[in-house]
Amino acid sequence: MQTTQLLGFRPGRHEGKVTGLAAYGNKAVCEKEYRRLIRYERDSFKVVNTVSKSHKIYKEIMKHNREDIAASLQYVFEETITRFIKAQMERYNKKNVEQT
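Just so you know, we're using UniProt numbering here: the sequence shown kicks off at 1 and counts up by one.
If you're looking for bench data, these hints aren't it; they were derived computationally from the structure.
These numbers were taken from a predicted model, which means no experiment stands behind them.
Treat the hints with caution; some may be incorrect.
[Claimed, not checked] Computed list of lysine to aspartate or glutamate pairs in EDC-like fashion (alpha-carbon distance at most 20 Å, straight line):
(1) K27 to E67
(2) K94 to D43
(3) K27 to D43
(4) K86 to E41
(5) K56 to E98
(6) K86 to E98
(7) K27 to E79
(8) K56 to E31
(9) K63 to E41
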């Protein structure tokens with residue numbers, strides 16, 4: 001299940017609303033749970049995609065308010081992507097990143 005849907009919004013259409021909510025939340029509240037769902041280690045992404053495991057984690061996440069859920073997701077996702085980009089820059093000996 002996507003966090004967008006979990007928060008009552010339409011996936012593929014209302015992700016901006018989740019981003020907007022994140023500005024009002026505490027990123028530390030659900031950080032641990034989101035790190036159990038997605039992380040980057042040893043040159044690969046680890047994503048929990050089994051229903052039984054993710055259901056248990058989302059059940060814990062839903063105990064918190066929407067703003068904190070959104071802030072935690074955004075923080076963990078941005079930090080994970082940043083780690084990936086830094087690792088790739090080091091791997092390919094690059095000093096700058098260009099977005100096209």
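Checked against the structure, which of the hints given earlier come out wrong? As far as the earlier hints go, 3, 5 and 9 are violated by this structure, in ascending order.
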